[in-house]
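**Q** One-letter residues, chain by chain:
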Amino acid sequence: MDFLNAFVALSNFVLIPAIAYGSQLALGALGVTLVYGILRFSNFAHGDTMAFGTMVAILATWGLQAAGVTLGPLPTALLAIPVGILGCAALVLATDRLVYRFYRAQKAVPVILVIVSMGVMFIYNGITRFIIGPDDQAFADGARFLINARQFREMTGLAEPLAIRSTQAITLVTALIVVAALFWFLNRTKTGKSMRAYSDNEDLALLSGIDPERVVRVTWIIVAGLATIAGVLYGLDKTYKPFTYFQLLLPIFAAAIVGGLGSPLGAIAGGFVIAFSEVGLTYAWKKVLTYLLPGPLEPDGLVQLLATDYKFAVSFMILVIVLLFRPTGLFRGKSV
Amino acid sequence: MGLGMSDPLHDDRGNRDRSITNPAGQGAPLPGHRGRARPAPGGPFLIGDAMTGGYGRGADILHGCTIAVDRGEIAVIVGPNGAGKSTAMKAVFGMLSLREGAVRLDGEDISALSPQDRVKKGMGFVPQTSNIFTSLSVEENLEMGAFIRDDDIRETMEQVFDLFPILREKRRQPAGELSGGQRQQVAVGRALMTKPKVLMLDEPTAGVSPIVMDELFDRIIEVARSGLPVLMVEQNARQALEIADKGYVLVQGRNAHTGTGRDLLADPDVRRSFLGG
Amino acid sequence: MTQSLRTVSVFGLVAVLILGTGVLQSWNSALLILNMGLVSAIMSLGVNLQWGFAGLFNVGVMGFVALGGLSVVLVSMPPVGEAWAAGGLRILAGLALGALSVACAVLAWTRAPRAWRGWAVAAILVAGFVLYRAVFAPGAAAVESVNAATSGYLGGLGLPVVLAWPVGGLLAAGAAWIIGKTALGLRSDYLAIATLGIAEIVIAILKNEDWLARGVKNVIGLPRPVPNEIDLQRDPGFVESAAGWGLDPTTASTLYVKAGYALLFAAVLIAVLVLAQLALRSPWGRMMRAIRDNETAARAMGKDVTRRHLQVFVLGSAICGIAGAMMTTLDGQLTPSTYQPLRYTFLIWVMVIVGGSGNNYGAVAGGFIIWFLWVQVEPMGQALMGLITAPMSDGWLKAHLLDSVQHMRLLTMGLILLLVLRFSPRGLIPER
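Residue numbers (the numbering used here), protein chains in the order written: chain A, 1 to 336; chain B, 1 to 277; chain C, 1 to 432.
Here chain A stands alone, though its shape is the one from the complex:
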């Protein structure tokens, strides 16, 4: 039995990747939940919003790299995030002005807005593929590892190596900063409180003199920011491919629903629940168990519960279980 090595293996293959992935999902789910709370529909175009913002950031990254600007050990893409957010905000604000505002003024029922967002999804998808193409794009640079396997082994003398990729550390730090800033904004500023008020009771917010159009504009800008940051972090950590971002829609929605739609805290919790289940159920536990169990009990197979390709099934199963036992989600979602 070797708890220490088992824990290192667990961290290396489960905990650290799941924390990074969970942060990315949480940021995505926050965007979905904000739109649901304020604009009152599920935005099917959210995955493609992420893809678009990330694309702008990637183009800016390439520009910076060509101009010889880098951040040293950090990826240049971090510098390009503001550009990505600007581009993404411009796109969603233009969409709102040209598309969604009409239905808001008509007080159209939410399901119409969902179908409208399908149309927007097609258009964003087309624009992104038109500009950057449907293929994988590499844009990560800087140091690859915060701690690499060899350093770790030399440092600790353990048999089991641990590698922390710099993108994983950056993801966690960025997500923490963004979430803290978002909660400060929603709970401490007048505009943030007016957003929560609008989400809670639209009619009363109007009577209090809150300008709905302003609330909606601010919401879209925040959503653009969250989507771009989530997208860039995911792209740095894994890879950028427009279709992958579209597919993220399912785990992101699952995270938002598991946490309780409309609840920002729930979105974060949901993101981590989904990420940990996905990584945990698709990981081959042989190595960890070999360290933990005495010789004769050591497993022969990989002890992988599900093939990696079934990770969508995991989001889905978690969703069903939560809906069975707690239909309103972990944090009873109602308002922003």
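Just to be clear, a hint being listed does not mean it is correct.
Claimed, not checked - Calculated pairs, BS3-like style, for lysine-lysine (alpha carbon to alpha carbon, straight line, at most 25 Å): (1) B:170 / B:195; (2) B:120 / A:107; (3) C:207 / A:238; (4) A:241 / C:398.
To be verified - Cβ-to-Cβ under 10 Å is the rule here; a few derived chain A residues that face chain B: (5) 37; (6) 39; (7) 41; (8) 103; (9) 107; (10) 109; (11) 114; (12) 166; (13) 185; (14) 187; (15) 205; (16) 212; (17) 262; (18) 305.
No lab work stands behind these hints, which were simulated from the structure alone. Since this is a predicted model, take the numbers as computed values, not measurements. For each residue, glycine too, the CB sits at the ideal point set by N, CA and C.
Since chain A is already given, all that's left is putting chains B and C on it; use the hints.
**A** Relative to chain A, chains B and C alone:
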């Protein structure tokens, strides 16, 4: 409301899918007239004068109905179910479009203003239902009440806390967790935060216990004594008329009886027709 | 314009579009568009049944279409005897064990005392899973190693391929029943996300379970319900009559085969359309719409809304499954990696919305028109982009623009959907 199933933008095909649409939906459609206030000196402080109209393109509910309140007064609108009491108050507040008649406040004709603009002109309105932000704390509810103000609101908030001391205790608690009577206090407090020139209450005692009702009435008298005119719609006609300086009995959208609260309580006609003898 | 005149003119437009393609491009392309248009129209009818009649938001059309595709392999391909011998029974036993443990778990949940039923269910599921894996995995591995390059799967039943169409419907209906039972029964309002998830799972199964349908290695050469072009070209009788029509044998054979498919598909479409119309007019259809328009009132009148919803959800999905089987038959191969939600779920939605949700004729017309545009936008875009870039000097921008034309169709579909929703939200042929 006035929007039939034939309209595709408002036909949700029975869809109740919470995963894609927020069941809270969009707010109620408010008439969006954007006119200006015109000077109209003289007359009572607030008057809805000979109002005729209804919701959207529907049939008229009000027929030449007049409601007025002066400084320092409490005016109460009472009447049987379906008499158009709440409608009359909503008409004064601009939530339905008038075909005839006018609304004047403090020497200005405000008939063309939207409800939001009337709030800016000094109307404080407490709706009957959904009148607080349930997920916001008591303090945040009051802050949102003062949203249109840019000056220091702490003094007004202190005044509201002095009026409703229990709210000071529960200032950090989400308003949705409070009891029915406390919620009504939050609702009134929220409306007072704009420092309104007139306070309008739509059935403030609906669904609260008799003890709480008496307490609320005491507070409302206190507010009126401070010089703020109060216009109120009430189900509990007898208790309401007891505290009213002015009473309006509406029947089918028309003024049936008008007078001081004491006079109306004494009027045999009024007693027989709906105070129950 | 009266409703019937409108219907006639919309279908006139469909005819003009297809005939125009025949005259201007080639009859081969026209028949291609017609065939896939027929299939699209059936899918569109299925979604319209769910959305138009009952207001059920199914965003997992792709999954049901793919199940239809799977049925073609399972029904029509010849069985691979060697693979069956290697591990067929093990696989069947494994699957049976899996199903049994799920059934036991459900039984335990409903029968066992509250206090420990959670633990009981968990224990049954874990034990069931271990058993299932132990029995199933070696079987699957054995099957997959039998001639991995050419077969490596169990094969099908070797029955006529047309039988796969109703079987595809049944397969999709079964899946829809399970989803509907979970999502509609527990919490009617989480159907959308459940269908989105199940569609991805179906595709994942098709891609990964090689023993079933070879996964991403694809199954090619599926049997066809119509003669083969090559055989026709070798048939002297056919060559002679082709000459009689003034066609060379190659063209004549492709047209003949495609026309054969068109006739078969048209027969299915007409059957489904007639049934859907009868259903719409029947007391059942009236009740469905009554439930849709006012669910609360319908419940108050004692209607079992959940049960009705389940019925219509299963029926609509079955229609999508039939269409999926027909499509795979037309393609002659099952390629799981080509199933993408934009194409197989959301495009069908565009068809329904553009055609007119709640109207069967509208859904059919929408299927044809949107499919026509989906095919034709690319050449049109190419021509347009050629015109735009003509004055530009050669360089990366011009090359990039010309290269990206293929993505114009997504943009166009989104634009069409938004324009219809904005300016004609009831669609081309409105419900009433």
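**Q** Take the shortest C-beta to C-beta distance between residue 205 of chain A and chain B; is it under 10 Å?
**A** holds (7 Å)
**Q** With a cut-off of 10 Å on the beta carbons, see whether residue 305 of chain A makes it to chain B.
**A** violated (26 Å)
**Q** Can the hint on residue 103 of chain A be confirmed by a CB-to-CB distance to chain B that is less than 10 Å?
**A** Since the shortest Cβ distance to chain B is 7 Å, the answer is holds.
**Q** Holds or violated: is there a CB of chain B closer than 10 Å to the CB of residue 114 of chain A?
**A** holds (5 Å)
**Q** Any CB of chain B closer than 10 Å to the CB of residue 37 of chain A?
**A** holds (7 Å)
**Q** Compare the distance between the alpha carbons of residue 241 of chain A and residue 398 of chain C with 25 Å, and conclude whether the hinted pair is satisfied.
**A** holds (23 Å)
**Q** Residue 185 of chain A was flagged as interface toward chain B. Is the shortest Cβ-Cβ separation under 10 Å?
**A** Violated. Min distance 14 Å.
**Q** Quickly compare the C-alpha distance for residue 207 of chain C and residue 238 of chain A to 25 Å and report which way the hint goes.
**A** holds (22 Å)
**Q** Does the nearest C-beta of chain B fall within a distance shorter than 10 Å of the C-beta of residue 107 of chain A?
**A** holds (5 Å)
**Q** For the pair we were handed, residue 170 of chain B and residue 195 of chain B, check the Cα-Cα distance against 25 Å.
**A** holds (22 Å)
**Q** Do the numbers back the hint for residue 212 of chain A, that is, is its least Cβ distance to chain B under 10 Å?
**A** This hint holds: residue 212 of chain A lies near chain B, its Cβ roughly 8 Å from the closest one there, short of 10 Å.
**Q** Does the nearest C-beta of chain B fall within a distance shorter than 10 Å of the C-beta of residue 187 of chain A?
**A** With a minimum Cβ separation of about 9 Å from chain B (threshold 10 Å), the hint on residue 187 of chain A holds.
Checked against the numbered hints given earlier, the structure breaks hints 12, 13 and 18 and satisfies all the rest.
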